[in-house]
Amino acid sequence: MTKNIKEQWRQFAAWVNGVENDEPVVTPEEKRAARPHLPGFVHRVLSEKNELRLYHAFSAVMCLVFTGTLLLTVLFLPTFGGAGNPTENEVMERYVEKGIEEVGATNLISNIILVYRGFDTFGESCVLFLAATCVMILLRKDEKNTTAYDLAERAEDAEIESEENTTVLRSVVRMLMPVILLFGVYVLLNGHLSPGGGFSGGAILGAGLILFENAFGLEKVRRFMSEHVYHIIKVAALYFYGFTMIYVFFTGANDLHSIIGTGIPGMIFSAGVIMPINVAVGLEVACTMYAFYAFFSKGEL
Amino acid sequence: MRPFYENLPFLCIFLAMLAGITTSILHSGKWAMRISITVLTVVGAASAWLLYATASQNTYFVYAMGKFPSPWGNELRAGPLEAGLALVFCIVMACSLLGGLQDIFEDILPGKQNLYFVMMDMLLASLLSMLYTNDIFTGYVFIEINTIAACAIVMAKDNNQTLVATMRYLVMSLLGSGLFLISLALLYSITGHLLMPQLGESIHSLFVGGLYNEPLTVLVGLMVLGLAIKSALFPFHSWLPDAHGSSTTASSAILSGLVLKGYIVLLIKIFYRVFNISEVRSLKVTNVLFVLGALAMIMGSVKALQEGHSKRMVAYSSVAQIGYIYLGLGLGIEAGVVAAVFQIIAHAFTKPLLFVSVGALSSTAGHEKKWYYLRGAGRRCKLAGIGFTVGGLSMVGIPLLAGFVTKLYLAQGATLAAWQTITALAVLAVSSVLNAMYYIPAIVQIWSSGSTCQEIGIEPKVRRADPALAVSILVLGAGVILLGVCYRPVVSVISAGLALL
Chain A
1 MTKNIKEQWR QFAAWVNGVE NDEPVVTPEE KRAARPHLPG FVHRVLSEKN
51 ELRLYHAFSA VMCLVFTGTL LLTVLFLPTF GGAGNPTENE VMERYVEKGI
101 EEVGATNLIS NIILVYRGFD TFGESCVLFL AATCVMILLR KDEKNTTAYD
151 LAERAEDAEI ESEENTTVLR SVVRMLMPVI LLFGVYVLLN GHLSPGGGFS
201 GGAILGAGLI LFENAFGLEK VRRFMSEHVY HIIKVAALYF YGFTMIYVFF
251 TGANDLHSII GTGIPGMIFS AGVIMPINVA VGLEVACTMY AFYAFFSKGE
301 L
Chain B
1 MRPFYENLPF LCIFLAMLAG ITTSILHSGK WAMRISITVL TVVGAASAWL
51 LYATASQNTY FVYAMGKFPS PWGNELRAGP LEAGLALVFC IVMACSLLGG
101 LQDIFEDILP GKQNLYFVMM DMLLASLLSM LYTNDIFTGY VFIEINTIAA
151 CAIVMAKDNN QTLVATMRYL VMSLLGSGLF LISLALLYSI TGHLLMPQLG
201 ESIHSLFVGG LYNEPLTVLV GLMVLGLAIK SALFPFHSWL PDAHGSSTTA
251 SSAILSGLVL KGYIVLLIKI FYRVFNISEV RSLKVTNVLF VLGALAMIMG
301 SVKALQEGHS KRMVAYSSVA QIGYIYLGLG LGIEAGVVAA VFQIIAHAFT
351 KPLLFVSVGA LSSTAGHEKK WYYLRGAGRR CKLAGIGFTV GGLSMVGIPL
401 LAGFVTKLYL AQGATLAAWQ TITALAVLAV SSVLNAMYYI PAIVQIWSSG
451 STCQEIGIEP KVRRADPALA VSILVLGAGV ILLGVCYRPV VSVISAGLAL
501 L
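Those protein sequence lines, which keep their order, are chains A and B. Counting in my numbering, the first sequence runs from 1 upward without gaps. Counting in my numbering, the second sequence runs from 1 upward without gaps.
Some hints could be false.
Said to hold, decoys possible - In silico lysine-lysine, DSS-like type, Cα no more than 25 Å apart, as pairs:
| id | chain 1 | residue 1 | chain 2 | residue 2 |
| --- | --- | --- | --- | --- |
| 1 | B | LYS370 | B | LYS284 |
| 2 | B | LYS284 | B | LYS369 |
| 3 | A | LYS298 | A | LYS141 |
| 4 | A | LYS298 | A | LYS220 |
| 5 | B | LYS284 | B | LYS303 |
| 6 | A | LYS6 | B | LYS461 |
| 7 | B | LYS112 | A | LYS6 |
| 8 | A | LYS298 | A | LYS144 |
| 9 | B | LYS303 | B | LYS382 |
| 10 | A | LYS141 | B | LYS30 |
| 11 | B | LYS369 | B | LYS382 |
| 12 | A | LYS298 | B | LYS30 |
| 13 | A | LYS141 | B | LYS112 |
| 14 | B | LYS461 | B | LYS382 |
| 15 | A | LYS144 | B | LYS369 |
| 16 | B | LYS112 | A | LYS144 |
| 17 | B | LYS67 | A | LYS144 |
| 18 | A | LYS98 | B | LYS67 |
Just so you know, the hints here were simulated from the structure itself, not pulled from any lab data.
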């Protein structure tokens, strides 16, 4: 032990003097074998295998303790849906009773997420945008992350795709595509009247695009959805959403007259900004979903 | 119609977001950088105006996002504290970007440089929102944005080290977000509110009535744990050295200087506006934070002492410095929180200064980061050497520099604390000595004559500071010295801001 301290002191003194840097070169394997993070006595008792077991056991215990605590906490919470719960307060009351009158959408959820708490939802759309951008930073083909081997593999994939052995898939997709797109558009446009809205409608459209890519390949999709188009749609949708929100927030907070009305609840052109925003969010979501898929599988759009 | 300056927080946040969206379609990293710097300047100026307007009248205001006020709609809230921190964040972020500019353009592929600045703009938007929010769920949404952007700026360098570091950072950070979200769910189900003022009232009545004690304890624990993981409090710091030590200079500076602080500021706002400091104290949270903060101050420095890699050493020193902030919060009294907020500002200037200087110093030795090979680097890039010296001495706690004032206020606060006095003073003393033990040798090393990097075949080269680097080091260094010399106005703004919270 004393020798060890002396040794460490010597190294420290050497480091202060800047004379030498005599750390021996240790390979990761040796380092692992030495297990320097464990004190000596543990080292003697524990073999490497046991250490791993201990680690697993410890994680399992942690998980159990955590799960147990959370479940116990739930016991002390108010009963789900019970009358007189703290959540049944003036907030919920106004959303339910005045939502249609004040905002105009018969889908109360879209009133809440797009108007009452519109800022949060704009933040969420930005999360999607950021996530897609991150995937682009990580996976878009460049000289660092793509080797010749990857390129060869992708070329092989493309060759397999181009062969005419996907007849069943293609026929089915040909039949399904219009229905899927139509349904997506329906969910988007009716977001303020029925369950649905930008996020769900966009997910349907995105899924349709992914299916189409699977059946017909990237080249066919590129005819209408190249990287250029992707950028235009994404930025246009977010700009529209952002500037609408700025207008809504600015006029609302400053008590200015706003040109946005509520319309007649239940009509397709009603509920002010909700439908256009749903369309913008939907386009953004569809683009993001397809971009995720394309970058993960091909590394390009 | 309200006075125009009350629109500024909201406009700043949207300006940063729209800048990020615009930047994503640019092809040139240079233009992306110009947009980011412009946005930072504009937002900084707006924050200064806001600081002047709120501090001179000693007032705050809430701003409904839309026509529905709390408790129905999202709200922002701004007072001297928020505006002042926003100003600091803008200055530091701009300086970090300028100081790391050369490295950004070297480390990141040209096709992806604009995306790096997208992340910067979004990071700014999320930091501003976390500062200004009056709605705890908005806080969560922007924590998410912050997490993604922070991971992306580590990842942007795109080598094996940064990818592994990003993975660890992402897992730990998401764990933190998850815990925070669970605690929000619990909070909502026992109060029925998400806006801070109403939450505060409900929580207060729960405390008085003694209702829902168990969920309340659990949720406070989860919330603090979540934010502590994300701000790298001691036992949860394992992701920090990798992430901050391996990324490009500007990322390291911003992650250490600002990203960690955003979460802590949110925690302080929650402590003050959702709970109040005596309720937090009665839940014993402050005691836990105090112990962990004290451990962080010691262990972070011990780890830094063992580190031969310059950036990792500075990163470990962040663990210790975050410990100071939590120590201040853990005192559980007003004076402690004032010291903690001062440390947030002081560290926001000092750490980026150190990272930017180390980045410039290592570029004189072929980007080699080991201290051993940085011998004489200060002589080859004098400005960076001076920057490192000032920053290092501030960390040690030399008077007339920012770090000293933090220690002074922490010590003063400790004397008023309930049981923490002796421990806090002892830990402060030990930690200062430990800081000196690794910063002083490093300073000696960079100013020594001769060079050692030829041993691994790198020719030492002289680097004249380009204007961007010079501006960055001068501004950050001036900040450190100003905070150390005329700290009274800063402290009075902080106390006024905290009193208004």
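Each hint tested on the structure:
For the proposed pair LYS370 of chain B and LYS284 of chain B, the alpha carbon gap of about 42 Å is over 25 Å, so the pair is violated. Between LYS284 of chain B and LYS369 of chain B the alpha-carbon distance is near 42 Å, which puts this suggested pair outside the 25 Å criterion. For the hint linking LYS298 of chain A to LYS141 of chain A, the alpha-carbon distance of about 8 Å falls within 25 Å, and the restraint holds. Restraint check for LYS298 of chain A and LYS220 of chain A: the C-alpha separation of about 14 Å stays at or below 25 Å, so the hint holds.
Restraint check for LYS284 of chain B and LYS303 of chain B: not satisfied, since their Cα atoms lie roughly 28 Å apart, outside the 25 Å limit. Of the pairs offered as hints, the one joining LYS6 of chain A and LYS461 of chain B is violated, with about 37 Å between alpha carbons and a cut-off of 25 Å exceeded. A hinted pair counts as satisfied when its Cα atoms are at most 25 Å apart, and LYS112 of chain B with LYS6 of chain A does not qualify at roughly 50 Å. Between LYS298 of chain A and LYS144 of chain A the CA atoms are separated by roughly 15 Å; this keeps the pair inside 25 Å, and the hint holds.
Straight-line distance between C-alpha atoms of LYS303 of chain B and LYS382 of chain B comes to about 28 Å, which puts the hinted pair past the 25 Å bound. For the hint linking LYS141 of chain A to LYS30 of chain B, the alpha-carbon distance of about 21 Å falls within 25 Å, and the restraint holds. At most 25 Å may separate the alpha-carbon atoms for a hinted pair to count; LYS369 of chain B and LYS382 of chain B meet this at roughly 17 Å. With a C-alpha separation of about 28 Å, the suggested pairing of LYS298 of chain A with LYS30 of chain B is violated against the 25 Å cut-off.
Restraint check for LYS141 of chain A and LYS112 of chain B: satisfied, since their Cα atoms lie roughly 11 Å apart, inside the 25 Å limit. About 12 Å separates the Cα atoms of LYS461 of chain B and LYS382 of chain B, which keeps this hinted pair within 25 Å; it holds. This hinted pair checks out: LYS144 of chain A and LYS369 of chain B have alpha carbons roughly 22 Å apart, not beyond 25 Å. Taking the CA atoms of LYS112 of chain B and LYS144 of chain A, the gap is about 12 Å. The hint holds against a cut of 25 Å.
With a C-alpha separation of about 50 Å, the suggested pair LYS67 of chain B and LYS144 of chain A falls outside the 25 Å cut-off, and the hint is violated. Restraint check: the Cα-Cα separation between LYS98 of chain A and LYS67 of chain B comes to about 14 Å, which is no more than 25 Å; the hinted pair holds.
In the structure shown, a violation is registered for the earlier hints numbered 1, 2, 5, 6, 7, 9, 12, 17, in ascending order.
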